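Sequences are here, hints too, so could you generate the full structure?
Just so you know, the sequences run in chain order Z and G. Position 5, counted from 1, in the first sequence is what my numbering calls 5; the numbers after and before it change by one each time, with no gaps. Position 299, counted from 1, in the second sequence is what my numbering calls 299; the numbers after and before it change by one each time, with no gaps.
These are calculated hints, taken from the structure and not from any lab test. Note that the coordinates shown come from a computational prediction; the quantities given were computed from them, not determined experimentally. Among the clues, some could well be false.
Unchecked claim - Okay, derived cross-link-like pairs now, EDC-like style, lysine to aspartate or glutamate, Cα gap no bigger than 20 Å in a straight line: (1) Z:Lys31 <-> Z:Glu89; (2) Z:Lys57 <-> G:Glu38; (3) Z:Lys57 <-> Z:Glu18; (4) G:Lys30 <-> Z:Glu41; (5) G:Lys34 <-> Z:Glu41; (6) Z:Lys98 <-> Z:Glu41; (7) Z:Lys26 <-> Z:Glu76; (8) G:Lys231 <-> Z:Glu41; (9) Z:Lys57 <-> Z:Glu97; (10) G:Lys176 <-> Z:Glu18; (11) Z:Lys98 <-> Z:Glu76; (12) Z:Lys26 <-> Z:Asp68; (13) Z:Lys31 <-> Z:Asp68; (14) G:Lys176 <-> Z:Glu19; (15) Z:Lys26 <-> Z:Glu65.
As the list claims (entries may be wrong) - Reference excerpt, derived from the structure (chain Z facing chain G, CB under 7 Å, subset only): (16) Phe79; (17) His81; (18) Val93.
Ideal Cβ placement from N, Cα and C applies to all residues, glycine included.
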Amino acid sequence: MQTVPLKRVTIIAEAVLEERLIREIKALGAKGYTLTAARGEGSRGVRASEWAGQNVKLETLVSAEVADRLLTHLAERYFAHYAVVAYVENVAVVRGEKYT
Amino acid sequence: MADLWETLRLGLLSPMVLAFGLGVAATLLKSDLKFPGEVYTALSIYLLFAIGLKGGAELAQTALADFWAPALATLALGVAVPVWCYAILRRLGGFGVADAAALAAHYGSVSAVTFSASLTFLESLQLPYEGFLPTLVALLEVPAIIIALAIARRQQPAEPGGAGWGGLLHELLTSKSIVLLLGGLAIGFLGGPAGLAQVAPFFVDPFRGALTLFLLEMGMVAAQRFRDFRKAGGFLAGFGIGMPVLHGALGVWLGTLAGLSVGGSMVLGVLAASASYIAAPAAVRLALPQANPSYYLTASLAITFPFNLVIGLPLYLELARWLHG
Numbered sequence: 001m002q003t004v005p006l007k008r009v010t011i012i013a014e015a016v017l018e019e020r021l022i023r024e025i026k027a028l029g030a031k032g033y034t035l036t037a038a039r040g041e042g043s044r045g046v047r048a049s050e051w052a053g054q055n056v057k058l059e060t061l062v063s064a065e066v067a068d069r070l071l072t073h074l075a076e077r078y079f080a081h082y083a084v085v086a087y088v089e090n091v092a093v094v095r096g097e098k099y100t
Numbered sequence: 001m002a003d004l005w006e007t008l009r010l011g012l013l014s015p016m017v018l019a020f021g022l023g024v025a026a027t028l029l030k031s032d033l034k035f036p037g038e039v040y041t042a043l044s045i046y047l048l049f050a051i052g053l054k055g056g057a058e059l060a061q062t063a064l065a066d067f068w069a070p071a072l073a074t075l076a077l078g079v080a081v082p083v084w085c086y087a088i089l090r091r092l093g094g095f096g097v098a099d100a101a102a103l104a105a106h107y108g109s110v111s112a113v114t115f116s117a118s119l120t121f122l123e124s125l126q127l128p129y130e131g132f133l134p135t136l137v138a139l140l141e142v143p144a145i146i147i148a149l150a151i152a153r154r155q156q157p158a159e160p161g162g163a164g165w166g167g168l169l170h171e172l173l174t175s176k177s178i179v180l181l182l183g184g185l186a187i188g189f190l191g192g193p194a195g196l197a198q199v200a201p202f203f204v205d206p207f208r209g210a211l212t213l214f215l216l217e218m219g220m221v222a223a224q225r226f227r228d229f230r231k232a233g234g235f236l237a238g239f240g241i242g243m244p245v246l247h248g249a250l251g252v253w254l255g256t257l258a259g260l261s262v263g264g265s266m267v268l269g270v271l272a273a274s275a276s277y278i279a280a281p282a283a284v285r286l287a288l289p290q291a292n293p294s295y296y297l298t299a300s301l302a303i304t305f306p307f308n309l310v311i312g313l314p315l316y317l318e319l320a321r322w323l324h325g
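So this is what it looks like as structure tokens:
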């Protein structure tokens, strides 16, 4: 099967940020995403709000340059004050044209 | 004084407060009792919407003449409280701009759950209260948050790329709790008592049971915050108890001036004394990310809420009784 090398950017963030993040990754070039509810702890151990829920895990398949844009954006806007974890992985995707 | 003890005792022995105590005990005993997040959300939705519905139906039957003075008093509180809370936290507490504004937003806004507990408290004592009080909850919910955020913005211009005012206001005014409360009010108002009667078996009768369950969860949540107490520090502990008493007294006094009954004045005191932990934290997290949730959530959830629930309610009632002579 023919596969295309792409990047998967995974963002784990506080649930309050869900809508914002989705808007922003789309604006930066992501064509879609997968959202899962998540729980966990980070180095800061800050729990921001019970009502908003726990955390969300956002995954999106993007090209290398969009991945870079996403990470830069997260670093500028979120890393300082919010509980956000982000990482990039290499993936081999079928139907690569859907994601770029 | 004997009256205060008696009222305290009655309050403490209600299922609501006892359930809160159970929640605290469960957490401290490290029980594995856990409410699924969705249940917590479902209960909050139910409670907020029910409060709005009942209040709206009552408002439909209230003359403007009876309503305008308490409404004005509520708005005055919503504007004034965040301002002096901010000042006290900055000057006396030494808090930074973001933290002081975040706390001010919480204390200026209102806790719908404390409000509900106060109504059931009055009902258990068979004391009447005005039906339009939930409208006052809606009036007090938002202004303080906006003012506190505005103060923060003026003192510390937003970082580049930070959320603009338009986006913030939109998020605040469309937040779940506002939509449910205001929407419920509108629906109750438009449907009137006849409309409410259609849904009363669901939204009116089981309300106290749902509130009891919710308070059980709140006990667990508050107790989880107890260990953040140390981070919050002595000043915040004092603030979290002292300010509600001050605000409660002010609210009771203003309510009495505005012509509310003993029950109604007590509730206005409760509204002034309570601190939000549904609407305010979400708004503050987005608008003031530099503010430390350990301060505002701990103060609101672990200090002020339990205090108001256990000691505040009887205290404000006795104050109201005393002022009414």
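Hint by hint, here is what the structure shows:
1. Z:Lys31 <-> Z:Glu89: OK: Z:Lys31 and Z:Glu89 at ~17 Å, within 20 Å.
2. Z:Lys57 <-> G:Glu38: Distance ~17 Å between Z:Lys57 and G:Glu38 Cα, so the pair holds.
3. Z:Lys57 <-> Z:Glu18: holds (9 Å)
4. G:Lys30 <-> Z:Glu41: Cα-Cα ~18 Å, so holds.
5. G:Lys34 <-> Z:Glu41: holds (17 Å)
6. Z:Lys98 <-> Z:Glu41: violated (34 Å)
7. Z:Lys26 <-> Z:Glu76: Answer holds: Z:Lys26 to Z:Glu76 is near 17 Å, not above 20 Å.
8. G:Lys231 <-> Z:Glu41: holds (18 Å)
9. Z:Lys57 <-> Z:Glu97: It is violated: about 24 Å lies between the C-alpha atoms, which goes past 20 Å.
10. G:Lys176 <-> Z:Glu18: holds (14 Å)
11. Z:Lys98 <-> Z:Glu76: Answer violated: Z:Lys98 to Z:Glu76 is near 28 Å, above 20 Å.
12. Z:Lys26 <-> Z:Asp68: Answer holds: Z:Lys26 to Z:Asp68 is near 14 Å, not above 20 Å.
13. Z:Lys31 <-> Z:Asp68: Holds - the C-alpha atoms of Z:Asp68 and Z:Lys31 are around 15 Å apart, at most 20 Å.
14. G:Lys176 <-> Z:Glu19: Satisfied, since the Cα-Cα distance of roughly 13 Å is no more than 20 Å.
15. Z:Lys26 <-> Z:Glu65: holds (14 Å)
16. Phe79: Interface hint status for Z:Phe79: violated (11 Å vs cutoff 7 Å).
17. His81: With Cβ-Cβ at 3 Å, under 7 Å, it holds.
18. Val93: Where the cut-off is 7 Å and the nearest Cβ of chain G is about 31 Å from Z:Val93, the hint is violated.
This entry does not satisfy hints 6, 9, 11, 16, 18, going by the numbered hints stated previously.
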